[in-house]
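Participant: Protein sequence lines, in the order shown, are assigned to chains A and B.
When we follow this note's numbering, the leftmost residue of the first sequence carries the number 153, and every step to the right adds one.
When we follow this note's numbering, the leftmost residue of the second sequence carries the number 153, and every step to the right adds one.
Errors might be hidden in some of the hints.
Given that identical chains are not distinguished, each listed pair holds provided it fits within a single copy or across any two copies.
Derived EDC-like pairs: lysine to aspartate or glutamate, alpha-carbon spacing no greater than 20 Å straight-line [what the hints assert, rightly or not]: (1) 301 <-> 213; (2) 311 <-> 356; (3) 166 <-> 257; (4) 268 <-> 157; (5) 268 <-> 165; (6) 284 <-> 160; (7) 284 <-> 165; (8) 415 <-> 177; (9) 301 <-> 192; (10) 333 <-> 157; (11) 469 <-> 257; (12) 253 <-> 470; (13) 461 <-> 252.
None of these hints come from the bench; they were simulated from the model.
There are 2 protein chains.
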Amino acid sequence: MQISDIGEFGLIDKIQRILGSRGGDRQLRLGIGDDAAIFETPKGSCSIATVDTMAEGVHFDLAYTDFQSLGWKAMAINLSDVAAMGGRPKWALVNLILHDKLSVENILDLYRGLKKSARRFDTTVIGGNIAKGRSEFSVTITVVGEVKKNRWLKRSSAKPGDVIAVTGHLGSSHAGLQVLKHHENRRFFSHIIGRHLRPVPRFDFIDRCRKHQISINACIDLSDGLSSDLRHLCRASRVGAVINGDHLPIHPETRKASDRYTKNVYDYALDGGEDYELLVTLSRQNFEKAKYFFKKRLTMIGEITSGKKILLRSGHKEIPLAARGYTHF
Amino acid sequence: MQISDIGEFGLIDKIQRILGSRGGDRQLRLGIGDDAAIFETPKGSCSIATVDTMAEGVHFDLAYTDFQSLGWKAMAINLSDVAAMGGRPKWALVNLILHDKLSVENILDLYRGLKKSARRFDTTVIGGNIAKGRSEFSVTITVVGEVKKNRWLKRSSAKPGDVIAVTGHLGSSHAGLQVLKHHENRRFFSHIIGRHLRPVPRFDFIDRCRKHQISINACIDLSDGLSSDLRHLCRASRVGAVINGDHLPIHPETRKASDRYTKNVYDYALDGGEDYELLVTLSRQNFEKAKYFFKKRLTMIGEITSGKKILLRSGHKEIPLAARGYTHF
C-alpha cells in the first residue's frame, strides 16, 4: 500500500495503533494527534513537546528564502505549536541535514535567524545535531516547554454553540509566497512577504487570555490552511461548523495579490497554509471579552454546530467546505 | 567558506559563538558539545535532551537494512547518548522525511522497531511529525530523559591517571557493515551483524555502576569510532591518553571479517564507528570494582595522561593515534 492511498492522517492512525493510545505510559497526558504532546513530570508540572521540519524544495526554496528567515521560521513554526497548546516554550534542539552547496556563512545565518526567533519568545537553543545528506537540506527543530497542569488547550474540546475566531489575517502567507514566486517588486507586498518568511507565533493572544481569564475551549494553529485545520479540530471534537465566508479577515495586500494573479481571494484565505495564526473556539461571552482587548486582531468567522458537517456560508447560500489545505501525500 | 574547510566541529564552534555559551539561560547546566544537553527544571530535577538523525544513503542503505532494524537503531543511538550522560530516557519524538518509494508497511515496520527499542529502555514515543521530501528519507529522533542533579557524566572531567575502559567489543559494528556490504552468508557473522543493525545502549553498565557506587569520572558513547571519540573526550578534559593496542577487545567474528577482506583488524577497532559502547575513565579502584561485576564485558584499554598527546602503544612502540573515525564533512 502506498502512503498516498491513505494520506498522512491515515498513516498516523495506523502508527497510533502500533504505539498504543498512551504508549502504555501513565504520565502521558496527551500523545499523538494534537499540536504537541503533554507529559506530566514526577513533580506535578507538565512538559510540552513538539517537533517540526522544513525541507528544501518542499517547505522552502532558497531562490527566495534567505537563511536568517529560514532559521526564524523553522523555530517559529514549532513555537507556534506550543502557543496552540497554551504553553510557554523553554528550550530547543536543532537537527540539520546539509548538502555540499551550503557555505559556513549560510549555516551561521540560519542560526542567527533561529536564535532571534527563539530569544524573542524566551527559548534557549541547548543542543542539536549536524549530519550530511546526499543532496538534502532540512532543518528539524524540537521545542520543549511548560504548561500548568490541566491548563493546556486541546483540539478536541470545541462545543456546539462556540464562536469560531481567528487571530490576524487569513491567507497572507500563501499570498506572500505567490508574490515571491512571481519575483514581484517586494516593496508593494512587504506585509504578506513578511508573514510568509517570518511568521509570528501568537503568544500575545495566549498570554492576554490567561491574564484576563478568558477561557478558550479548543485551539489549533493554522499551519495547513483554515479548511484543513478546522476539519482537524472538528473531527477531534466530534462537532461540525459553519464558517461565514463574508467575515474572513483578509489583508489588503492579499486582495491585491489575488487580483494580480486572477485568483479567488477566498481560496487564499480558506486553503492557504502557513499563517501560524490561532484558530480558537470559545463561548460568546469569552469572545466578547477577548474582542475588547484584541479589536481587529481577532475575528469571529463562524460557529461550532452539533452536526458533523463543515459548511461555508456566503450571503444566503451554504455549501460544504472541502479541506483543500496542504497535504504531504 | 565551505563546511569541509573547517569540518563538523569547526562549524559547531562557530555556532556556539552565535548562540552564546549557555545561550544566556541560567537553567542550562550543559549545552552544546557533549552527548546531550542538561537543563534544570524549576523544581530542581534535571532534564536531559538529545537529537540524532539517520539519513538514507549516509547512515543506512535499504539494500541491507530492514525497516524494523532501522527503527530500532534510530531510537537506540539517541538512547545511547542519554546512557552516556548517566541519565534515564523518558520519552521520544519521531520526525520522518519520506519519499515516494516507501510503502505504508515499511513505515509501520519502522515504528514497530523503534517501539521495541523504546519500550526495552522504558521510553515512550509521545509524538512526532511526518513530512514528504523530494527524494530524501530520514529518521530524526529526539529523546528527553532525567538525571539527578549534579549526577550527570560529562566528557570534560577525565583526570590524569584515570583508567580508560570500554564496554563490550570494538569495531564489531563496522565489521558487521562490511559483511553486509559483501553480501556474505549472514549465518557466520550473526553477532557483528546484530551489533551493526541493532546496537544496544549500555544502560546495564550505567545502572550497575550507580547501584554499587562505582564512580565514573568521564564518559562518552562510541559513535564515531574510538580514535575520534577518545579525542573528543581528551580535548574536552584537556588531557592526553595512552591506548594499549594489544588490549583492545575484539570479537572473533570481527577478526574473521578483517581476515576475509585483508584489512587490519586494528583499523576496525580504532576507527570503526557505531559500536555505541561506552568509553569511560575512572580511578583504578573504581575500575577494579566495576571489573568484578562486568568481567569480560569491561576492558581496560589505556590510561589518561597529563600531556595533550594521544598515543597508541603496541609492544614497546608508541605512535600518535590519529583520529580516523567517521566525519560528515
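Participant: The structure should be examined with respect to each hint, and the outcome stated for every one.
Facilitator: Quick rundown of the hints versus the structure:
1. Proximity of residue 301 and residue 213 under a CA criterion of 20 Å is satisfied in neither setting, with 40 Å inside one chain copy and 44 Å between copies.
2. For a Cα distance limit of 20 Å, the shortest separation of residue 311 from residue 356 qualifies neither inside one copy, at 24 Å, nor across copies, at 50 Å.
3. Proximity of residue 166 and residue 257 under a CA criterion of 20 Å is satisfied inter-copy only: 10 Å between copies versus 42 Å inside one chain copy.
4. Proximity of residue 268 to residue 157 under the C-alpha cut-off of 20 Å is found in neither arrangement, the shortest distances being 40 Å within a copy and 27 Å between copies.
5. Only between protomers do residue 268 and residue 165 lie at most 20 Å apart by alpha-carbon distance; the minimum there is 19 Å, versus 36 Å within a single protomer.
6. Proximity of residue 284 and residue 160 under a CA criterion of 20 Å is satisfied inter-copy only: 9 Å between copies versus 26 Å inside one chain copy.
7. Proximity of residue 284 and residue 165 under a CA criterion of 20 Å is satisfied inter-copy only: 17 Å between copies versus 31 Å inside one chain copy.
8. Taking the closest pair of Cα atoms, residue 415 and residue 177 never come within 20 Å of each other, the shortest separation being 49 Å inside a single copy and 47 Å across copies.
9. Both within a single protomer and between protomers do residue 301 and residue 192 lie at most 20 Å apart by alpha-carbon distance, with minima of 8 Å and 19 Å respectively.
10. In this homomeric assembly, residue 333 and residue 157 never come within 20 Å of each other (Cα to Cα): the closest approach is 30 Å inside a single copy and 33 Å across copies.
11. In this assembly of identical chains, residue 469 and residue 257 lie within 20 Å of each other by CA distance neither inside one copy nor across copies; the values are 54 Å within and 44 Å between.
12. Neither within a single protomer nor between protomers do residue 253 and residue 470 lie at most 20 Å apart by alpha-carbon distance, with minima of 51 Å and 41 Å respectively.
13. Within a single copy, residue 461 and residue 252 get their C-alpha atoms no closer than 49 Å, and across copies no closer than 32 Å, so neither meets the 20 Å cut-off.
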